[in-house]
Amino acid sequence: MADRALRVVLAEDSALLREGLVGILEHAGHQVVATATNADELIAAVRADLPNVVITDVRMPPGHSDEGLRAAAEIRRDHPQLPILVLSQYVADAYLPALMDSAGTAGIGYLLKDRVGRVADFLASLDQVVNGETVVDPEVVRQLLARRGDDGPLSALTAREREVLGLMAEGRTNGSIASALFVSEAAVRKHVGSIFAKLDLGDDSDRRVTAVLTYLRG
Amino acid sequence: MWSALGGNPLRFVTSAWPWRSLAYLFTAVFVGLLALVAFLITIAVGTVTIPLVIGLFILGAAPALGARIAVVERRRLGLMAERIPALFPETEPQRWWKRPTDPGSWRALGYSVLLALVLWLVDAVVVMVVVATVVVSAISPLLAHYDTVGMLWWQLDTTREALPFAIIATPVSYVLGAYILTALAAAQSSLARILLSPREEELEARVTELRQSRLQLVDAFETERKRIERDLHDGVQQRMVALTMLLGRAELEVPDGAGLALVRQAHGEAEAALADLREVVRGVHPRVLTDLGLAAAVREVADRMPLPVRVDITLADRPPAQVEAAAYFVASEGLANVAKHANAMSASITGWRRDDSLVLVVSDDGNGGAVVGAGTGLSGLLTRLDAWGGTLVVTSPDGGPTELRMECPWRTEP
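Going down the list, the sequences are from chains A and B.
Sequential numbering of the first sequence, starting at 644, is according to our numbering.
Sequential numbering of the second sequence, starting at -1, is according to our numbering.
These are calculated hints, taken from the structure and not from any lab test.
Do not take every clue at face value.
Each pair of labels, with its calculated beta carbon distance range [unchecked claim]:
(1) 343(B) x 748(A): 39 to 47 Å
(2) 824(A) x 278(B): 30 to 38 Å
(3) 796(A) x 357(B): 32 to 40 Å
(4) 767(A) x 266(B): 54 to 62 Å
(5) 343(B) x 723(A): 43 to 51 Å
(6) 717(A) x 237(B): 28 to 36 Å
(7) 266(B) x 648(A): 27 to 35 Å
(8) 391(B) x 748(A): 34 to 42 Å
(9) 717(A) x 232(B): 21 to 29 Å
(10) 384(B) x 695(A): 27 to 35 Å
(11) 674(A) x 217(B): 43 to 51 Å
(12) 723(A) x 357(B): 43 to 51 Å
(13) 828(A) x 278(B): 39 to 47 Å
No experiment lies behind these values; they were computed from the predicted model shown.
Think of the CB as a built atom: it goes at the ideal place given N, C-alpha and C, for glycine as much as any other residue.
Excised from the complex, chain B in its bound form (with noise of 0.2 Å):
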């Protein structure tokens, strides 16, 4: 809004910011009007209670205070067209029992105090003499016809006096009222928004702490992932192969009749219960992958397929055990598309390590135009890598071949 000020005067005063600046410093007077009463409350209330030790606690909740008031200023930046970044979401519950951790919200408050105590009267002056004055200068020949307005040094008496008046002043109280208030809007919102904006050094310790939080949740996820395959594995699926034995062994005991053909029945119902829960546990992070490692594992995937598949993975050692998951459920989720989508007559998967990275490639000779979308399980496995810095791309020109490929860090720690 400051190039406003200094452009065109013309374009200025048609344009919206005058009014834009109006509305900025009325609110403010309201806003800090209602600061101003909560503050002396929370002084007054806490200050004669603090013998009962719950003023003490309502004196402490004055940094709180100032943070709400900061959250209806910073909506109110909107008005002047600024925007600026929450360190932390608003929705967040902010507990008034709690001191406020960041330097942020003592600055916060310390505009909050500004606000209440200076900013608001400021406006309220300034905004009432400038449409006062635009006003009464517009209506001074009605205002003259009952009664003699004085502004300034003119003595208005008449309609007729005041008519060439009204067209000279109001135009000019217009302009001059427009600059002012402008100004002194552009100015407070300045304030405000270097008062209330995250300094660079806390947006960046935030945005670290977030990187960190999205790491721990990635790994919460992969561990929550491993122990219910454990779980599964451990439990259910041998309390299932000891069923089958058991009815295996029954088939051999039940004399032949509709009892035998039950018992068949049963079994068959037990195997095939079995296979479907060998079909989840493989889905969660199958048990080759644990004990065998990644060649072992995306080579029973591959032999799976309908559709021949080359699997040519090499690697001294293993890879840490996030990276090795994610690095076979790139090749298992590929390949499921391969199989679906590719129209392809032959896949292969390659993985190699190149300097610190794990590198994984499935390409096959279908006929391309793959994505990576929404709604393709490639999609949470791409949070997965971003989170660890890894890059998930496919290259897939119509007409193919599409190539599937996956880049990872070795190691998972920032």
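With the rest of the complex left out, here is chain A (with noise of 0.2 Å):
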């Protein structure tokens, strides 16, 4: 069950995927005020009635490219406080850097579509995002990591620094990683300490999701 009931606003074109969504959010007790099939509509909709979060469809009608993404953007450029999640049929790290650099302070989230069905998973995400976490899907972090895998700093990480890196790269806490391997919070955050100095980031715990995918991305 969610922290609290939240109110939000669905851009999704498909009408399945759509009753899926709604059904899920609605069992787990928030309220889908307005649900949109184009970026126009959800633009339409927050500006009428300001809901807790949004959640959108990267590609949606006339275009079927981004025209969630860019909805999105020009959402937060008018309500910088109000978290995103975006969701995606296919992992493509192009729409990362619009996400990332879009304005505003408060969580983002980008998913993929087939992560919905895991239903808890779904909503402890949804709930980070909206306090003001960014939440990246697990296949994207694996991706990037795959690509710098071959070169530079990152070369010095030990397997489990990666691990611990990648896990971070989610948007996971120090107590969710040490859950996750297994290890006591105090190895992770010795780990943490040691990624960051190896990296050379600032140990910025608020921000350092964003730290480290600005890091992968590169």
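Given two chains presented individually in distinct reference frames, assemble the corresponding complex, making use of the accompanying hints.
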């Protein structure tokens, strides 16, 4: 169950998926205040009645390219405090810069649509985004790591440190990383410190996901 | 065969040419006779039934009859070691009510009429005279034993008289006959070749037409793939995602126990099916390619490879959809081959535009020895690229490195 009932605006052009998402959200006790099937409707819905969070598909009519993403950027300009969760059909890190660079300080998320079927995980990610965190799909992180794996300071990391870096990039807390790797939180803290030292990143725990992702995008 | 006629007489006489010519002329008699009968029947029946309208159709079939005879005649030219290409495959059904559209058919009709009215008669007479002369010369001693044999201005009454005649006249008539038969056959087969061969410009037009239809086929193939991808993506895939959502919700609803275990299992199966489906769609025409273009799509393939792949594709604008798709499949097939066979540590893909061509190079540091052969997924791509005037070349010396290089015109119109 969610921390609190959220007022959600949902943009998704496929009726099947839209209904599925509404079902999941309402089941979790959230309220879908408006649904949209294209970018213009989404922006209008947010203007008409400011929600707690926006969930939007990346590709929507008419162009079926990245309308949802552009709408998200526009909404961020108008409402920098509004968390946005973006759903994508496939991993395309071309979307990542657009999301990371969008204005605002509120939480942002980028998940694959397949992930929604894991209802509990999806709802947890939604809560993280609403709480101001950055959440990136593990698959996207895996690919970023794979791409940066062959050169530079990343090769200086131990296997365990790379694992921790991946989990950090997904937006996990130290506690969550500790339980995923079956180690103590103190051990995770030690790894994180070592990673930040090796990659020469400032250890600002609030924005560490952004820092890691920015580094990985390189 | 003209050169055989003019060459060494000894070699000519002992060669197969005289016999080939004999066979050619001999069969011409039968074909010509049959053609004559067929034409006569067609015309007769056609004329008689004109009042019933159907006669017009029967008369209209004459050109088609000519075409049929031409088919036989082209085959028969093989006897004279001539091979002429047919403009259309002979297995193509020729409907008798269809008027011939190419001028070749009218020439074929003309030749057939000539064969039916003149050629076979000439051949029959010449073959008969030559064969009779040689045979009678050879057996004249035997004949003279029973009766008087008159050969030209010789009168042979006894075997003794005939024997020296036979010894001299048989070879002479054989050589003479060989030259006559071969000359006639050569003349007729040349005539047939001239009338039954497609003209240069007809061949050219036909080649252009075939090239056009190959392009259309390739295009249709691509369009069809896109349609299948769209159907899968907008239909089945959406339903599968919706199904996993529903099962995910069910997991939260169903109380702990055997029921929940089943729902979890169903959820797992649905996710596996979705993953399989995604793999299929990727092989047909990946959505990320349609949406974001070559660089993003290739990067996605590269990221799924078990070895590090450097992707460097810089294109100011997107190539035509078909070229883009071909390049994508070259990249993905190339990488799959690298992962499977090359024993490589790393690979790279570079793409750029050079003048009016898209160039894409897949290279690896493996141990070389690769070929683009039948059985690899690349052979189909080779056909497609060829249709647009593109190329796909592998350089892979033993010990590596291997380079797969695709070049394709930016335009796909001819």
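Outcome of the hint check:
{"no.": "1", "hint": "343(B) x 748(A): 39 to 47 Å", "result": "43 Å, holds"}
{"no.": "2", "hint": "824(A) x 278(B): 30 to 38 Å", "result": "35 Å, holds"}
{"no.": "3", "hint": "796(A) x 357(B): 32 to 40 Å", "result": "33 Å, holds"}
{"no.": "4", "hint": "767(A) x 266(B): 54 to 62 Å", "result": "20 Å, violated"}
{"no.": "5", "hint": "343(B) x 723(A): 43 to 51 Å", "result": "46 Å, holds"}
{"no.": "6", "hint": "717(A) x 237(B): 28 to 36 Å", "result": "31 Å, holds"}
{"no.": "7", "hint": "266(B) x 648(A): 27 to 35 Å", "result": "31 Å, holds"}
{"no.": "8", "hint": "391(B) x 748(A): 34 to 42 Å", "result": "53 Å, violated"}
{"no.": "9", "hint": "717(A) x 232(B): 21 to 29 Å", "result": "26 Å, holds"}
{"no.": "10", "hint": "384(B) x 695(A): 27 to 35 Å", "result": "58 Å, violated"}
{"no.": "11", "hint": "674(A) x 217(B): 43 to 51 Å", "result": "50 Å, holds"}
{"no.": "12", "hint": "723(A) x 357(B): 43 to 51 Å", "result": "44 Å, holds"}
{"no.": "13", "hint": "828(A) x 278(B): 39 to 47 Å", "result": "43 Å, holds"}
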